[in-house]
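> Order-wise, the sequence lines are chains A and B.
Take my numbering: the final residue in the first sequence is number 598, and no numbers are missing along the way.
Take my numbering: the final residue in the second sequence is number 219, and no numbers are missing along the way.
Hints are supplied without guarantee of correctness; some may be wrong.
If you only want the chain A side, here are some residues facing chain B, beta carbon under 8 Å, derived [as the list claims (entries may be wrong)]:
(1) Ala71
(2) Lys170
(3) Thr172
(4) Leu174
(5) Ser177
(6) Phe179
(7) Thr230
(8) Met578
(9) Val581
Some residues of chain B that are not near chain A, with every Cβ distance over 12 Å (derived) [what the hints assert, rightly or not]:
(10) His27
(11) Arg39
(12) Ile72
(13) Pro79
Don't read these hints as lab results, they were simulated from the structure.
Small disclaimer: the values here were computed from a predicted structure and weren't measured.
Cβ coordinates follow ideal geometry from the N, Cα and C atoms, glycine included.
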Amino acid sequence: MNRSSNSEGAKAEQIIFEFFAKTLHIILESRTPFMSSRNFSSSGEQMICSPSSSSSSSSSVRPRDKWFNLALRECPAALESFDIGRRSTLEPLVVDVVLVARAFDQMNSPGGRELIRNFSGKEYNSDQDDCETKNEQIIERWLVQYDNRKVRERRSSSSNNNKLQVMYKKATLLLRSLFVMVRLLPAYKIFRELNSSGQIFKFKLVPKVPTIVEPFTRIEEAEMQKFAFTPVDTICGRLCMSVLYRSLSDVSCSQQSAPVSPTFITDYVGSPLADPLKSFPSLPLSYGSPPLMSFQRRHSWSFDRYKASPPSVSCSPSPTRSDSQALVTNPCSRRLPPHPCQDFTPPCSPSAHAQAFPRSITRTESAPVRIPAPTFESKQNVVVPPSSHLKLSRHASLKPVRNTGPVESGAALEKMHIYGREDFRRNSGVKLSSNSSPRISFSRSSSRSYQDGFDDTDFPCPFDVEYDEITDSSSSRPGSFEQRGDAHEPPPLESSGSYPKKSQDAAVGALVNMLKKAPPLRQDVSESSIPELCWKNNKNKPGGGQEIATASMTASGIALAAKTTADALEELRSYKEMKNVLLSESTKDSSPFAVSES
Amino acid sequence: MNCEVCNLKELEVESFEIREVLRCVLHTIVFHRALGLIRPKDIDLELFDITYVQCGEIEVEKKIDDKIEQFITWIGKHPNKKSQICLTFYEVKTKQPSWFTNKIERLYWEQWNINLSAFQPPTKPPVGKSHHSKLVMDHPGEESEDISSRRTLLEQSLQEVLFQIIKFVNEKKDHVPPINDGVIYCPFEITFPSSSDSTFGMDMLKRMLHSGGHPSMLS
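Kindly generate the complete structure, drawing on both the sequences and the hints.
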């Protein structure tokens, strides 16, 4: 009897021991992101802080799957870290799941920064990772322990053997629950995100089995939620399992904001990366640079949208996506009275705004993907400069473009991250201007594209410069656009959007349309119609051309703008010379009046 | 030993969400009752940010899918109706003849009531995955917001239901039959009012009769 009870005890102990091992395996398997350089897992070998490196257990991986009838994926970290030889079943097992963000990463990632801010409960530096400081936060703490206090007093009629069976069955059930539970907790979403997406994250999930457990403070514990599994009675005690976990509802948002944006960018419909060979014959040759191609697609989206909902119709965007909506469709945003950026004053600072709506930006990224681009291409007028109402998307395309066309996406994505803030600022800055511009009264294709075209031709410029310019123009525009709209001539605007601060008056739009429809004046010189317009304009008023060139130099489209105006002037001069020569040759005796008349 | 009954929180689902919601709930329950050697399979829901677990048995999957399809067909004919899907686990006993002279007897030991309030969307249902509906362009205006917020609510409710399952499984363990070698999962059946409208009540009656006579399994 005594011997049998001993053997029963040994069996019970083994069950308990295996229960510990299986529990650890389940937790680690669902919290250890796959070893990948993407996940900053260079310190992956440090993930499990077991004092011993004994791998005595690793040889019994498969047989262990039979325990509790639960075959798990191999998780070497779990098994190697679990020092079976040394561990006593009486020792509680604690598994901390730590969210780690590097200080370095936070610098470049608004999402990462937000993440840490949300986890501000307990931030501390750890020198674990060599030179870099880390912000760490325990988001889950699992506690498994065998409580051998005198439960045995509660004697039942059943035999020990039966008890063992019951205990085993209940432990099996408990592990089933655990298996489901670990996938329901918020940390699993992070784990899944880290694993499934091929994105670069600024944080990682690190499960640890600390030897010395640092107890939570009361505040910390109050912040966390607890779930205690119903203990499983054993022969001489009971198995207890509980988890303290943080609710990551807000974190899950922020953790998506940073990583998600590049995903949308890489393969959006109009991306040069997605469709690098796509050409836009309608674009003038001299402006057929990759950036403009992608911009034109943006424009086509907005155009489509514009077509679908006429300017006079309010799109009534919902509150949560009002920003993205505003970015997507300017006419809509313009008609939104409660829009946070309806006022055109500087207080609506672009950067602040951008930080306040990181998600909307992400959505903005996603939205254009849904809009079919091709329909517009046929409709697009030749002289319509490429434009974009979707600022982030524009930048998304801008980045690859800056690397001359279909470059490797990785570099582009990195830049997206690096310039994330600038994007935000530009975003809102542009939105301001779009709100202030009376583009609704414009004819569709051309007038709406002016302003966007200006912003889009900015690839040679630093972001900050452009941002400042945009902000300035947008803030000053409301008061000044009327006069300016009348003061400036439309033709230079047509010239690929080289005019950044152009006011948009209906008259201008009408004039542009008229000019667009007008037959080309000099088809023999170039296929591009834009220089023609410039030339024509400058012929009428060369001084205006100069002024425009100056203006455009300060704005985003320096290179193209300067080129355009310079070309126009050059052509003007050359034509004048040609004309003079011809006239002088043909009518050598003619008076100077003849020259001026022609 | 009683037949334990668990009434799950009602889920308000649109017709196109039924399949996924039911799969999630049913598989989660069955997973807890698949006590044989299993190789669990994680399934990420498409409509919701939820991962559930299947026991990895093809027959289970097929059985559940078939029943769900039947239910969806039925719900198509009875829209905007509350309905209850019953998942019951039983043991098969070849027993001495009873009044019903069946030699094979089903002894129900657990019943899960999944409550659904299915409704047809007033407008055309969104196509595809959830994140599509979150896109700005898909559902302009308030409609999109409604869909999004409703989806979020349903996701929370579904999560609550899954927690409810876990809690129930944890609290009630004694009635579960012992693990039998070679038996991967406990036999179960899925019924809903329509599966046979006339016999549904009879089934329930039978279950009630049997629930009192559950064989003692343990302790």
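> Hint numbers the structure violates, sorted upward?
8, 9, 10, 11
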